[in-house]
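Heads up: the protein sequence lines correspond to chains E and P, in order. Throughout the first sequence, residue numbering follows my numbering, covering 29 to 325 in sequence. Throughout the second sequence, residue numbering follows my numbering, covering 29 to 325 in sequence.
A couple of the hints might just be wrong.
For identical chains, the list gives no copy identity; a pair is met inside one copy or between any two copies.
List time: in silico BS3-like cross-link candidates among lysine-lysine, alpha-carbon distance up to 30 Å [stated by the list, open to error]:
1) Lys61 <-> Lys228
2) Lys206 <-> Lys292
3) Lys308 <-> Lys138
4) Lys206 <-> Lys228
None of these hints come from the bench; they were simulated from the model. Fair warning: this is a prediction, and the values are worked out from it, not measured in the lab.
Protein chains: 2
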Amino acid sequence: MNTEWIAVDWGTSHLRAWAMQGDAVLDQAQSVKGMARVDKGGFQAALFELIEGWLGTAPLEVIACGMVGARQGWVEAPYSAVPCEPTSVAPFRVPGTDPRIRAFVVPGLKQTAPPDIMRGEETQIAGFLASRQNWDGVICLPGTHTKWVQISAGEVVSFRTFMTGEMFDLLGGQSVLKHSIGEGWDDAAFAEATADAMSKPEQLAARLFGLRAADLLQGQDGGVIRARLSGYLIGAELAATRPYWLGQQLAIIGAESLSEVYAKALQQQGAFLETANSTKCTLAGLQQARNLTRQTA
Amino acid sequence: MNTEWIAVDWGTSHLRAWAMQGDAVLDQAQSVKGMARVDKGGFQAALFELIEGWLGTAPLEVIACGMVGARQGWVEAPYSAVPCEPTSVAPFRVPGTDPRIRAFVVPGLKQTAPPDIMRGEETQIAGFLASRQNWDGVICLPGTHTKWVQISAGEVVSFRTFMTGEMFDLLGGQSVLKHSIGEGWDDAAFAEATADAMSKPEQLAARLFGLRAADLLQGQDGGVIRARLSGYLIGAELAATRPYWLGQQLAIIGAESLSEVYAKALQQQGAFLETANSTKCTLAGLQQARNLTRQTA
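The whole structure should be built from the sequences, with the hints applied where relevant.
In structure tokens, the structure reads:
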């Protein structure tokens, strides 16, 4: 194995690393040592658990994106202010590392009004745009904190973050709905709930309790409840983001199953969209960021 | 002490009991042995921890309301279907108790379309109406699961439950907002957030993340964030319940501090309302329920 550099996606809850040769993946590894679970002095050790076997005598570049660049992360990589290119600033060098690596962290993006921030998605966006000349439109990045990002002339013009995914996890896992929700899925229930929430988003808290009440009174399939919960939350989000996606060129970058759910909801509304694999986008974006370190090194 | 009967409010998380002589409170006690924390066979023991000192040789009536009447409770007290009086059916006798008590559980209410349920609030409503002849209007009972209840000619005509309180607890205590929320309160921030959510309820998930982003970018007072979170959630609820409260005679029954928050939000919208003490309403309602057991005994 002839590892040329190491790509790292280091989020709040997970750490993923790839041994790279140019843009080819030679090996990969992951752990649950996300940023939130690592002490200030423990980042290099957490990473080395995954990558030590890839290291040689010559120092390898490590390019990391995600929450690892937050103040409480490995090195603080201050946000770039939009409008700007998704990776406009060279990654920040992590000081004092083991001599077998030269580690860099990609800065996130911030927006002043309305206040918003991202860390990690900017790298996926850069990777997505790298293979598309003059792509203007809107990118949706579904996840715990779903981002809607307006792209024009290679720049992130504006973006909005929705706590939809985190709300789904909390409501499905820790509210009274945990007694009713189950595995599985129901497309019709999802479509109906999405449409309902788009027209009456103010009813969210009542619709949620209604799921529990319907189950207690009539019995409901756990997968139907799961689909409805998702539909109520995503429907409200689509109502809020209508100016973003209506009549725009649209792309979804995310994990496959969640991207499919968003794609279904948007296609029901007549939107045209493409989906892109988030891991591929991350790797392509980290490659872009790597080029920036070499220009400035 | 000459205890005549024992009033019990037995919710999901708490148990409260009062030694009563007519409508006068002689003594009170409480514990955290709510319905969800007691095994099927352990209800009498959990209650006796509080009331055993009040018991004599002659059997005392115990009248209980709340989740204790659920299927997994002390005895199942099946829901009455609305429209109906809030306590239209005699409480259900708990079989096989210690001979020093004769225990009864008040049934809850159910609504078929849209599906909804309550247990405990029906007793507060009965107590509220007991001292008001011919009161028609709408009662709001704020709490973990806030109820909006339409009253006409002494009957509960319809009601809706909102998961607003549970969402506030989950978002403030377990989402990414837990890092930003603090003690304290800010009336102006609450008013602004309420108005914003009433006009744009679909933006909820974005407004929530905006609280975190604003704190990270500019720093925010924890009490301001607390008030805004409350305002966003209650504002959406008020948008959904507008047909309930607009131009109606309105009463709020609940814990003092939460009732005040709802009263402020509604008064900002020009609503006229009275507030009633929830414990007093519960005791008056249990007294009503007790009269029903004696009529049918």
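Going through the hints against the structure:
1. Lys61 <-> Lys228: The answer is neither: 40 Å in one copy and 38 Å across copies each exceed 30 Å.
2. Lys206 <-> Lys292: within (25 Å within a copy, 32 Å between copies)
3. Lys308 <-> Lys138: Cα proximity of Lys308 and Lys138: one copy only (24 Å, versus 51 Å across).
4. Lys206 <-> Lys228: Both, since 24 Å and 28 Å are each at most 30 Å.
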